[in-house]
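J.: Chains A and B supply the protein sequences, listed in that same order.
The letter at position 71 of the first sequence is residue 71 when you use our numbering, and the numbering goes up by one with no holes.
The letter at position 398 of the second sequence is residue 398 when you use our numbering, and the numbering goes up by one with no holes.
If you're looking for bench data, these hints aren't it; they were derived computationally from the structure.
For every residue, glycine included, the Cβ atom is placed at its ideal position computed from N, Cα and C.
Just to be clear, a hint being listed does not mean it is correct.
[Unchecked claim] Ranges between beta-carbon positions, derived for each pair: (1) A:Glu194 with B:Ala254: 50 to 58 angstroms; (2) A:Ala124 with B:Phe34: 45 to 53 angstroms; (3) B:Glu10 with A:Asp72: 22 to 30 angstroms.
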Amino acid sequence: MSDRNERITLTIDGVEISGESGMTLIEAADAAGIYIPRLCHHPDLPPTGHCRVCTVTVNGGNGAACTRPVADGMVVENDTERLNTLRRNLIEMTFVEGNHYCPECEVSGDCELQAVAYRLGMTAPHYPALNPEREIDGSHPDVFIDRNRCILCGRCVRASALIDGKSIFGYKYRGIHKAVAVVVTDRLGETEIEATDKAVSVCPTQCLRVKRRGFRTPLGSRRFDREPIGIPERE
Amino acid sequence: MVQEQEALIERIVHDLGPDGTHVMDVARAVSKRFGYIPNSAIPTIARHLQLSPVEVRDMITFYGHLSTDPLGTTVVRLCNAVVENMMGAGEVAAAFERETGIRFGETTSDGEISLRYTACMGLSDQAPSALINDVPFTGIHPELVQEIVRGIRAGLNLTTLPGSGVRHNLKKPGEIIFRRSMEHGAAIDKLLGVSREEALEEIKRSGMRGAGGAGFPAGKKWELCKNASGDKHYVICNADEGEPGTFKDRVLLAYNAHQVFEGMTIAAYVVGATEGIVYLRDEYDYLRGHLERVLEERREKGVLGDTIRSYQKFSFDIRIEVGAGSYVVGEESALIESLEGKRAAPRERPPFPVQRGYLSQPTIVSNVETFTSAAAVIERGAEWFRSFGTDKSPGTKLLSVSGDVQQPGVYEIEYGTTIRTVLHLVGARNAQAVQIGGASGRCLSSGGFERRIAFEDVPTGGSFIVFGPGRDVLEYMRQFIEFFAEESCGWCTPCRVGTTLLSRFMDRLVAGEATRGDLDRAIEMCDTIRNASRCGLGITAPNPLLTSLESMPELYERRLSAESYAPQFDLGAELRAGAAAANRPAPQGM
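Only chain A is shown next, with the shape it has when bound in the complex (with noise of 0.2 angstroms):
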């Protein structure tokens, strides 16, 4: 990657900003306070395009915001009617894909698919239930696993390899098969994983958390039933 310090400027539906090369353009709107909506990217860990939903139309050509450095002079599109239905559609998938039952989840108003499903505007999903049969570990002490919520962001590989140092979360199989790894033997409980880690905090769905937590923060009352996910809309 380029250096750092190379000021550019580029437009994001007509507005100017400026940013650094080697910046990400999910970077370089935050810093602009332009939201681009999006699941599997977290600040802190290096991004990987797994979900989609920050895809952009950059030059006329669509790519994930998330993964793309940006360069002096682009143009892109953002907030437009067709981008956010294809966000829509791309959120409405990932609630097909796995069990997500938002009136009975101990997690609703603490869930950042929930809450980008809020923001785009999505009601229920259009297309068919796939009903996965998903598996729960309750093996290990501290930390239990619902997978009934995972949608494959891969927050905690990317945070257990690189920030804990422990490798415990991979992928295995492949297609709509691909799951989330735990080592070799699929339980938690075989792990030297901690409730302090980095990769149980930073599950957008929390299908990975804390054991003996889930209602310390009455349902009403969390982070996105107080207010909506992500940069507030402007005025």
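Place chain B on chain A using the hints.
T.: Using the frame of chain A, we list chain B on its own:
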């Protein structure tokens, strides 16, 4: 067994070096010896290659031909791609199930035989086909299956069984790729008389474009790679043709490997590479011995290895790496990931492989056919090359022709040839439709037969499947989309989930259950998949639906349900299941 595993892994790593890029070699060796890769071997492999166990597991579970579950001593991998199904793979499968007493996906209780399905393995010209352990079987018919299974059970050498072996159906050699006269080293001799820049100019002047289907100008690719800075440059030959219905690289590697390697050597000279790799698909492992012999011959003749043609400043050698069953690995950045010992998930671009490719170094990844043409360009010159084909698509193209034709096989045609001319050439009368470019290509009906094979009209990687009259084309489109859902790497949501949803829609469509509203929603979903997917697999996955809908809308009209709304599930079946579970009588009238 654990000790034997350990010893085997240690020996291989000792030979290859403790480097994570060798995980495929180690996994293949363990798999060959034990029939599968036991979970207990994963930490050992990881420790020796300085990887984490979860990384090794990730890689192993990705590839179709590697398994962490025990398999039989003999594994029958029957191809169930579209052309094989047209030619009777279904009846062959039934015969295998009858003879072995098990279903596909299972292993006999004595651990002797496993039955598995596999995607197109490059034998559509002699379908139905199967790989039994490493041995290809072709032209299988149900009557043959009994003999094959008996032979397996008797422990006979698989190569002696009926149906084993491959014919290389070269039906029409042309002037560029299958020329018979090219002397070994003839192009290299021309090359060493000119500078790297002059050689590059010749390639650029030829207007040659990549033969994989995307048609990127070869000269431009080479130039970008040559100008990119890095410690080393690499030249990689993509011999992982997995597009359903293609097999031209199989024939090319069997008959003209010298010219392929010559082209790679020329590319190496231009971009400044000393190392080349051929990524050979696992399905073509039976060609490896031949390719190794050709490489050895070239080293002996001084056209490969150190100081090529006694030219002190130019050394270049080629090694062969073998895959393990994946379609998406044919995407250039996925192929590089695979060579680095990882799951074949395509990379985000930019950066492109010419800038940061294998081991983060500038890398050319090109089709087998492209390298072959490059050798011809350097030997005979750009002007000569441009005398073939069209202005925008100079040269010739190899077509792998299969399906309802009299003469399936490989044909070298000039770019610009009409589809009708090809149909005439291969003996296809009254074709209903042609699938050009495989599953990711397009389906054309007779209204499109005057169109030309060329980048400016109908581009193709080379697959040419003919559907004769009476064929249920929509059923094959359904199978193509199912294929994408199975081969999606799963990295990104639109491809992973979208192809599965699209596959479900096609199931309903073919069953006559889809409504017009369902079709409209499916078309909108195609738009999302195409516009949001990370790589070419997702971008092209809706093509079977979209292109056949465009060329043959009447097939859809006939297949749609007359209902304005149809539920996504069978209410009656659900109620009956519920009643059965509760031990109540089944509801009436459902």
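J.: None of the hints should be skipped; say for each whether it holds.
T.: Taking the hints in turn, this is what the structure says about them:
{"no.": "1", "hint": "A:Glu194 with B:Ala254: 50 to 58 angstroms", "result": "holds, 56 angstroms"}
{"no.": "2", "hint": "A:Ala124 with B:Phe34: 45 to 53 angstroms", "result": "holds, 49 angstroms"}
{"no.": "3", "hint": "B:Glu10 with A:Asp72: 22 to 30 angstroms", "result": "violated, 53 angstroms"}
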